[in-house]
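2 protein chains.
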Amino acid sequence: MRMFDKIAVVGTGLIGGSIALAVKKRKLARVVIGVSRRKQSLILAKNTGAIDRGSQDISIIRDADFVILATPVSTILKSARQISRIVKPGCIICDVGSTKQEIVSKLTPLIPHFVGSHPLAGSEKRSIKNASAALFENSICVLTPVRTTDNKALIRVKKFWSRLGACVITMEPGRHDQILSFVSHLPHVISFTLINSIPPAYFRFAASSLKDTTRISASDTDIWLDIFFSNRKNILAATRTFTHRLSEIRKALINKDRRSLRRILIKAKSKRENLH
Amino acid sequence: MRMFDKIAVVGTGLIGGSIALAVKKRKLARVVIGVSRRKQSLILAKNTGAIDRGSQDISIIRDADFVILATPVSTILKSARQISRIVKPGCIICDVGSTKQEIVSKLTPLIPHFVGSHPLAGSEKRSIKNASAALFENSICVLTPVRTTDNKALIRVKKFWSRLGACVITMEPGRHDQILSFVSHLPHVISFTLINSIPPAYFRFAASSLKDTTRISASDTDIWLDIFFSNRKNILAATRTFTHRLSEIRKALINKDRRSLRRILIKAKSKRENLH
Numbered sequence: 001m002r003m004f005d006k007i008a009v010v011g012t013g014l015i016g017g018s019i020a021l022a023v024k025k026r027k028l029a030r031v032v033i034g035v036s037r038r039k040q041s042l043i044l045a046k047n048t049g050a051i052d053r054g055s056q057d058i059s060i061i062r063d064a065d066f067v068i069l070a071t072p073v074s075t076i077l078k079s080a081r082q083i084s085r086i087v088k089p090g091c092i093i094c095d096v097g098s099t100k101q102e103i104v105s106k107l108t109p110l111i112p113h114f115v116g117s118h119p120l121a122g123s124e125k126r127s128i129k130n131a132s133a134a135l136f137e138n139s140i141c142v143l144t145p146v147r148t149t150d151n152k153a154l155i156r157v158k159k160f161w162s163r164l165g166a167c168v169i170t171m172e173p174g175r176h177d178q179i180l181s182f183v184s185h186l187p188h189v190i191s192f193t194l195i196n197s198i199p200p201a202y203f204r205f206a207a208s209s210l211k212d213t214t215r216i217s218a219s220d221t222d223i224w225l226d227i228f229f230s231n232r233k234n235i236l237a238a239t240r241t242f243t244h245r246l247s248e249i250r251k252a253l254i255n256k257d258r259r260s261l262r263r264i265l266i267k268a269k270s271k272r273e274n275l276h
Numbered sequence: 001m002r003m004f005d006k007i008a009v010v011g012t013g014l015i016g017g018s019i020a021l022a023v024k025k026r027k028l029a030r031v032v033i034g035v036s037r038r039k040q041s042l043i044l045a046k047n048t049g050a051i052d053r054g055s056q057d058i059s060i061i062r063d064a065d066f067v068i069l070a071t072p073v074s075t076i077l078k079s080a081r082q083i084s085r086i087v088k089p090g091c092i093i094c095d096v097g098s099t100k101q102e103i104v105s106k107l108t109p110l111i112p113h114f115v116g117s118h119p120l121a122g123s124e125k126r127s128i129k130n131a132s133a134a135l136f137e138n139s140i141c142v143l144t145p146v147r148t149t150d151n152k153a154l155i156r157v158k159k160f161w162s163r164l165g166a167c168v169i170t171m172e173p174g175r176h177d178q179i180l181s182f183v184s185h186l187p188h189v190i191s192f193t194l195i196n197s198i199p200p201a202y203f204r205f206a207a208s209s210l211k212d213t214t215r216i217s218a219s220d221t222d223i224w225l226d227i228f229f230s231n232r233k234n235i236l237a238a239t240r241t242f243t244h245r246l247s248e249i250r251k252a253l254i255n256k257d258r259r260s261l262r263r264i265l266i267k268a269k270s271k272r273e274n275l276h
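Keeping their order, the protein sequence lines are chains A and B.
Here the first sequence stands for residues 1 to 276, numbered as in this note's numbering.
Here the second sequence stands for residues 1 to 276, numbered as in this note's numbering.
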């Protein structure tokens, strides 16, 4: 059922492409417009039926009712002022950035109907080739309104993500960034660190344990550089917690303290069994 | 085609059970005997057709031609002397322990036809319920003979693992333990550490990145305690390498050194893409 006349998706990669596909599938808009720097991405988006029209020129979003910013964090930050000047009055804008504090504090004063959002979905693959209309089904989408967020826009964005199948949760941008620094950013730091610790000559002896723990090391470099720098302080704090936990294991090994190490491993197993 | 008259598998868990199933499937022995401390495991092994006869009493292995020790490392070490007294002259024995130095140096003088081996297969699931006759197909099996290893036994054990579908590689026990400390033991240390660093209240916001990187945290506690203590020094060295790499990422973040962090992430992505 239609929610908007014209929706524009800025950035037609994995997330933007999946949103566009889901909007078309659920008929949430009459027209879906795609914006990308790369022509190839727009051609793919059009061929897969994700968008009706595509352009490399951002000014195509001028008559959209709803704009979703699905570019890397630094691009969202850089293009905010330009976008605020292009969109028509009343246009609702949300983003899908993996960090929220920096984006929300910059975009909220610039764009009257901006709502920060972050769908907790995706993978280490980035292109629209891996997009899926079902990506957000049964996922969590975090909205991060602040005191000055327009309430009507918030309600509409909430409804939008619900219609894509997501369970919508609302929290402060700072709280979002703290939680994500642990459940997403820290695992990426650790995975990058782990693969860089392994001598390549040993790769042929790697079983599934190394492959699983380092799968996300193949994630896009620039997307993750943006995330790391946009959430630096929280990520540094999370790595300090990690380092502390690692030193406990090292200490138990150094002291041949089987009892302590056993306690640590039992705790890990039990925690992991509660992570579904 | 038959290789042995009677094969005994000591420990009918995931690995032992899979070996027994593969032996039956490929008809490598006339009779397969299973030994386990747990009656339930023997019943399951018999019901799935993995073994012909089972016993909780180790002395059942006395007339076996080939014995495979598939218990945790500490059990292999503890039961070595007893087993050396039970088996008949000429009986070939191999193990599947994840560390080799300690096992090989203890068992080789005790058992004339002992050959250390380690099939690089398995998962965080341990029971025979997850066993599969195909577990070793296209896997690597490392044999770790030493100067005093009986050559005929080595040839037979090599042939045995090849017949189960594994690609057999031979190296010194110390070299094996060093390689495995990086490609298997370190990922486990890191995974245990990572899950123990995450506040459980944040679990509901975990996407696939945390789940993948911590999947192996659910591994069996006692098996991994054994491995950690049996390969302490190498694992401590591997964690030192990891800590050094982590401090490089932390330093780049602290110094807002985007160029260095970019280099680290590009290296990680390229290494991961070479790990198949």
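What the hints contain is simulated information worked out from the structure, not anything from laboratory work.
Each hint should be verified, as a subset may be incorrect.
Chain copies aren't distinguished; within one or between two, either way the pair holds.
Restricting the straight-line Cα-Cα distance to at most 30 Å, the calculated cross-link-like pairs of lysine-lysine (DSS-like) are [unchecked claim]:
no., residue 1, residue 2
1, 24, 88
2, 159, 6
3, 152, 251
4, 256, 78
5, 27, 271
Results of checking the hints against the structure:
In this assembly of identical chains, residue 24 and residue 88 lie within 30 Å of each other by CA distance solely inside one copy; the values are 23 Å within and 73 Å between copies. Only within a single protomer do residue 159 and residue 6 lie at most 30 Å apart by alpha-carbon distance; the minimum there is 16 Å, versus 67 Å between protomers. For a Cα distance limit of 30 Å, the shortest separation of residue 152 from residue 251 qualifies neither inside one copy, at 54 Å, nor across copies, at 43 Å. In this homomeric assembly, residue 256 and residue 78 come within 30 Å of each other (Cα to Cα) only across copies, at 18 Å, whereas the closest approach inside a single copy is 53 Å.
For the identical chains of this complex, residue 27 and residue 271 are neighbours neither inside a copy (41 Å) nor across copies (42 Å), given an alpha-carbon limit of 30 Å.
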